[in-house]
Amino acid sequence: MTTKLFGARIRRSEDPRLVTGNGRYLDDLGHDAYEVAFVRSPHAHARILDIDVSEGVEVDGLVAIYTYQDLDGRMGEPLPLLIPHPTLTHGRTQHALARDEVNYVGEAVVMVVAVDRYVAEDVVGRVRVDYEPLPAVVGIDAARAAADLVHPDVPGNAAAVMVQESGDAEAAIDAAPHVLELDLSIERSASMPMEGKGVLARWDSDDESLLVHTSTQTSTSVRQAVAAKLGLPVDRVEVVTPDVGGGFGVKIVHPWPEEVLVPWAAVRLGHPVKWTEDRREHFVSSAHERAQQHHVRVGYDDEGRLHGLSVRFWHDNGAYTPYGLIVPIITSTQLLGPYKPGAYRVEFTSLYTNTVIVTPYRGAGRPQGCFVMERTMDAIADALGLDRAEVRLRNFIRPDEMPYDHGLIFQDGRPLVYDSGDFPASLDKLTKLVGWDDFEAYRAQARSEGRRVGIGLACYVEGTGVGPYEGGHVRVETDGTVVVSTGLTTQGQGHQTMLAQIVADELGVPFDRIRVTTGDTRRFKYAVGTFASRTAVMSGSAVALTARKVREKALRIAAQALEASVDDLDIVDGHVEVKGSPGATIDLGAVAVLSNPLRYAFDEAAARATQFATPADPDTPPVAPGEAPGLEGTDFYSPPRSTFANGMHAVVVETDPDTADIKILRYCVVHDCGTIINPMIVEGQVHGGVAQGVGGALYERMEYGPDGQLLNASFMDFLMPYASEVPEIEIDHLETPSPLNPLGVKGAGEAGVIPGSAAIASAIEDAEGIPIRSMPISPSELFDLRSRRSV
Amino acid sequence: MTTEALVRVAFTVNGAPYDLEVPARRLLSDALRHDLRLTGTHVGCEHGVCGACTVLVDGAPIRSCLVFAVSLEGAAITTVEGCRNAEGGMGPVQQAFQECHALQCGFCTPGFITTVTAYLEDHPAPTAAEAREAISGNLCRCTGYQNIVAAVQRAAEIKWGEGA
Ligand code: FES
Ligand code: FES
Numbered sequence: 001m002t003t004k005l006f007g008a009r010i011r012r013s014e015d016p017r018l019v020t021g022n023g024r025y026l027d028d029l030g031h032d033a034y035e036v037a038f039v040r041s042p043h044a045h046a047r048i049l050d051i052d053v054s055e056g057v058e059v060d061g062l063v064a065i066y067t068y069q070d071l072d073g074r075m076g077e078p079l080p081l082l083i084p085h086p087t088l089t090h091g092r093t094q095h096a097l098a099r100d101e102v103n104y105v106g107e108a109v110v111m112v113v114a115v116d117r118y119v120a121e122d123v124v125g126r127v128r129v130d131y132e133p134l135p136a137v138v139g140i141d142a143a144r145a146a147a148d149l150v151h152p153d154v155p156g157n158a159a160a161v162m163v164q165e166s167g168d169a170e171a172a173i174d175a176a177p178h179v180l181e182l183d184l185s186i187e188r189s190a191s192m193p194m195e196g197k198g199v200l201a202r203w204d205s206d207d208e209s210l211l212v213h214t215s216t217q218t219s220t221s222v223r224q225a226v227a228a229k230l231g232l233p234v235d236r237v238e239v240v241t242p243d244v245g246g247g248f249g250v251k252i253v254h255p256w257p258e259e260v261l262v263p264w265a266a267v268r269l270g271h272p273v274k275w276t277e278d279r280r281e282h283f284v285s286s287a288h289e290r291a292q293q294h295h296v297r298v299g300y301d302d303e304g305r306l307h308g309l310s311v312r313f314w315h316d317n318g319a320y321t322p323y324g325l326i327v328p329i330i331t332s333t334q335l336l337g338p339y340k341p342g343a344y345r346v347e348f349t350s351l352y353t354n355t356v357i358v359t360p361y362r363g364a365g366r367p368q369g370c371f372v373m374e375r376t377m378d379a380i381a382d383a384l385g386l387d388r389a390e391v392r393l394r395n396f397i398r399p400d401e402m403p404y405d406h407g408l409i410f411q412d413g414r415p416l417v418y419d420s421g422d423f424p425a426s427l428d429k430l431t432k433l434v435g436w437d438d439f440e441a442y443r444a445q446a447r448s449e450g451r452r453v454g455i456g457l458a459c460y461v462e463g464t465g466v467g468p469y470e471g472g473h474v475r476v477e478t479d480g481t482v483v484v485s486t487g488l489t490t491q492g493q494g495h496q497t498m499l500a501q502i503v504a505d506e507l508g509v510p511f512d513r514i515r516v517t518t519g520d521t522r523r524f525k526y527a528v529g530t531f532a533s534r535t536a537v538m539s540g541s542a543v544a545l546t547a548r549k550v551r552e553k554a555l556r557i558a559a560q561a562l563e564a565s566v567d568d569l570d571i572v573d574g575h576v577e578v579k580g581s582p583g584a585t586i587d588l589g590a591v592a593v594l595s596n597p598l599r600y601a602f603d604e605a606a607a608r609a610t611q612f613a614t615p616a617d618p619d620t621p622p623v624a625p626g627e628a629p630g631l632e633g634t635d636f637y638s639p640p641r642s643t644f645a646n647g648m649h650a651v652v653v654e655t656d657p658d659t660a661d662i663k664i665l666r667y668c669v670v671h672d673c674g675t676i677i678n679p680m681i682v683e684g685q686v687h688g689g690v691a692q693g694v695g696g697a698l699y700e701r702m703e704y705g706p707d708g709q710l711l712n713a714s715f716m717d718f719l720m721p722y723a724s725e726v727p728e729i730e731i732d733h734l735e736t737p738s739p740l741n742p743l744g745v746k747g748a749g750e751a752g753v754i755p756g757s758a759a760i761a762s763a764i765e766d767a768e769g770i771p772i773r774s775m776p777i778s779p780s781e782l783f784d785l786r787s788r789r790s791v
Numbered sequence: 001m002t003t004e005a006l007v008r009v010a011f012t013v014n015g016a017p018y019d020l021e022v023p024a025r026r027l028l029s030d031a032l033r034h035d036l037r038l039t040g041t042h043v044g045c046e047h048g049v050c051g052a053c054t055v056l057v058d059g060a061p062i063r064s065c066l067v068f069a070v071s072l073e074g075a076a077i078t079t080v081e082g083c084r085n086a087e088g089g090m091g092p093v094q095q096a097f098q099e100c101h102a103l104q105c106g107f108c109t110p111g112f113i114t115t116v117t118a119y120l121e122d123h124p125a126p127t128a129a130e131a132r133e134a135i136s137g138n139l140c141r142c143t144g145y146q147n148i149v150a151a152v153q154r155a156a157e158i159k160w161g162e163g164a
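For the protein sequence lines, the chains are A and B, in the order given.
Per UniProt numbering, residue 1 is the first one in the first sequence, and the count goes up by one each step.
Per UniProt numbering, residue 1 is the first one in the second sequence, and the count goes up by one each step.
Hints were generated in silico from the structure; no laboratory data involved.
Treat the hints loosely; a few may be bogus.
As the list claims (entries may be wrong) - Not everything, but these chain A residues come out facing chain B in the computed CB check (under 7 Å):
(1) Arg11
(2) Asp28
(3) Asp60
(4) Gly245
(5) Arg279
(6) Gln491
(7) His687
(8) Gly688
(9) Val690
(10) Ala691
(11) Met720
(12) Ala723
(13) Ser724
(14) Val726
Unchecked claim - Sample of chain A residues lacking proximity to chain B, with all beta carbon distances greater than 12 Å (derived):
(15) Lys429
(16) Gln445
(17) Asp505
(18) Tyr526
(19) Ala559
(20) Gln560
(21) Ala584
(22) Gly744
Unchecked claim - Incomplete in silico selection of chain A near chain B, CB under 7 Å:
(23) Asp15
(24) Val19
(25) Thr20
(26) Gly21
(27) Gly246
(28) Met680
We put the CB at the ideal spot given by N, CA and C, even for glycine.
Chain A on its own, in the form it takes in the complex (with noise of 0.2 Å):
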């Protein structure tokens, strides 16, 4: 019998590559392509008057210079809406290049085309732009008092108001015999993969076709996109993901302007043409996320148990709203966490500013939702008197609860419908983990050092493979090479490893016999996306139930060869085995051969397929009816709803009585993300989300100047956590399979972030005894309550 290697820690097969400097991201291609630089607009909001590219023209090696005149055909539209939605009543979005109105600082205006990027940005400094700069909206105040408007035709900045309701919320807490009221809000932050945007394109005008390399989360969309956008049929088009350096949300928005000016000008030109962007052009042109004003308003009883929760809240969604309100329906419903709110009411607004646009950033939502849900269960347990696990165990769905349908609609146009999940049990590990209850004595012990600490914790369930479907393809060579791919991409989460995992149990064969491909639309066209942590589930689900089918045929025509019934075939290590007896065995790729009945003998393997190199049945055709040519198969895996991974942190942070300063002293974990493929890559993806919580909670924020400057648009003042910010993470797994799909998984790679601001304001407010109501917090802003306080 061959090792299951579903739930082991099986090495990661792309790293020998990648640590080795064999890695192919997107700029380590197209050395020789025309590089790109962008004019962006210097204002948050203005009007564009005229556009003056005469010095420009003179730099010896400029190619091209593209203003919005230029653009033709669909290129002069705007970008798409990806997500509409019903109450979306205002959205907008961005031309390619600014039209007449630039609405953030860093939006693109001018093109410039050159030998490379240095001479392209020697012609961006003798560009002129004249601007009149209008009043820029900047901040959730500023954008709710609408005193000035993002766009003339939007009426109080408003992209959108949506209420969802289950029971009578406001009823239900007036009847409570307590309520309680809380203002809360997060700040900006933002997903910055250490590898920025790129696209390179190559347009083959003999063949007629173009070729695009993009680091994006979904290149069949891209494709999609881009073939409408120039005007092409989409079977001209190809869109490949290199490797990605990191995504975290931001590379899922698509089309960006560069990603249809970049191919666009590849055509005109007839010349491969690349842009790369930079840090700076990161921070200014991509896309953040988070910044959220809560109100609160929670009935409940002695007891702590909730009877109804009110929430109405305003989201920034910065200056377009090409992802529709994706960020702000997640925080509204998952909010909830593994709590039942009795009855339930949340109403947000959407709000324009005069900054970069809101996307999802890992978490998408959920950070703020998990804030704001688990101030307030604290709250309740600091006005009751009680202790904060009981207080969240007594609102807990319980395991016999499930499947517990909230009565209200998720992202995905479905029910949110928890499919499994067992959170006492998870909330009884983290307790033990940190040592909950012998916490009282520590802190003593602290205290009687002169050391203040404090201890917080904080639950959230997560929504993870969402819809619609994704698929499969799997092909055993003739060499018993099985070759793998899926249409979604790949930014460093292992899917190569985790796919390969899943391929060799189902079809049985050795790990190292299988390649698998992702993101790259030449191998597989349909797909959706990396986001919303889905492939294990989705692509994970889609090649094995692949591997399954192509199973199923590798034994029946292995039956024939070996004359024996499928029944009494398996196949381990690459070989179909009749079971009992140890002769008879026939390896996949010589199945693999038999599959494909050949007229022609191209190599010695092949012969063994051809028309006269066995006697065959003279009134069947070759190729069965109902069967294909070759050892191979697709399918796809479509599910009815999302599945429902939560996890519990709890954090214990030190504060210093003199600075403020604050430092975490121990960070656990509990994650339940169903049956785990691969515990070592679950677990670097806890640690890498923790480690963006922490950086969330305590150091990023994106600080805007009142005039939309974005002040602090380098890694030198957004301050990102290097290992010294960052403290040892202690995990325990809780594995509650889904009931939704064939492997009984459930996304994992967003968890580690969600519950970060909440545990750790959780954990300050417990060493201060100070309400903490707003994150991220810096030692000064800690320094600043505790003097309010004393006042």
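For chain A, the structure is supplied; the task is to place chain B with the ligands on it using the hints.
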């Protein structure tokens, strides 16, 4: 504007001699990546903060996005490609990174590998705290660093102790 003047510079990269003619303003990172096509060295910020572009010059780590190629006359440069073993396979630090799952997207990894390679030369047995300190000038957005810390210690073992 006329064509830029080119300047000659000679140095070795991973032991191989190169004689280049590049504009004076060409960054070492660009010269390595685009002129020599050694694309293992990555550029994450171009302002000296992330460390992805770290290469060794005469054994010491430097940020190749902060120096001009022409200033490296006579230098011996080592990139991540030069941290392989003699057969072209994974060297000790690279092997440790795979074993410990110390990379996800791999974009920051070359800068860590070169930094750690230099560090281990005079730190044969770092503690976890020392290992963490050693890598705390490099940014990684994927891993949360925990496994990189483990990889530094594992690499020291492979390089200096058993497990080689
Ligand atoms: S690219 Fe050189 S330090 Fe970031
Ligand atoms: S592995 Fe992706 S940035 Fe470090």
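Here is what the structure says about each hint:
no., hint, in the structure
1, Arg11, "6 Å, holds"
2, Asp28, "4 Å, holds"
3, Asp60, "5 Å, holds"
4, Gly245, "3 Å, holds"
5, Arg279, "4 Å, holds"
6, Gln491, "6 Å, holds"
7, His687, "3 Å, holds"
8, Gly688, "5 Å, holds"
9, Val690, "6 Å, holds"
10, Ala691, "4 Å, holds"
11, Met720, "6 Å, holds"
12, Ala723, "4 Å, holds"
13, Ser724, "4 Å, holds"
14, Val726, "5 Å, holds"
15, Lys429, "20 Å, holds"
16, Gln445, "23 Å, holds"
17, Asp505, "21 Å, holds"
18, Tyr526, "25 Å, holds"
19, Ala559, "40 Å, holds"
20, Gln560, "42 Å, holds"
21, Ala584, "39 Å, holds"
22, Gly744, "23 Å, holds"
23, Asp15, "4 Å, holds"
24, Val19, "4 Å, holds"
25, Thr20, "5 Å, holds"
26, Gly21, "2 Å, holds"
27, Gly246, "4 Å, holds"
28, Met680, "5 Å, holds"
In summary, the structure agrees with every hint in the numbered list given earlier.
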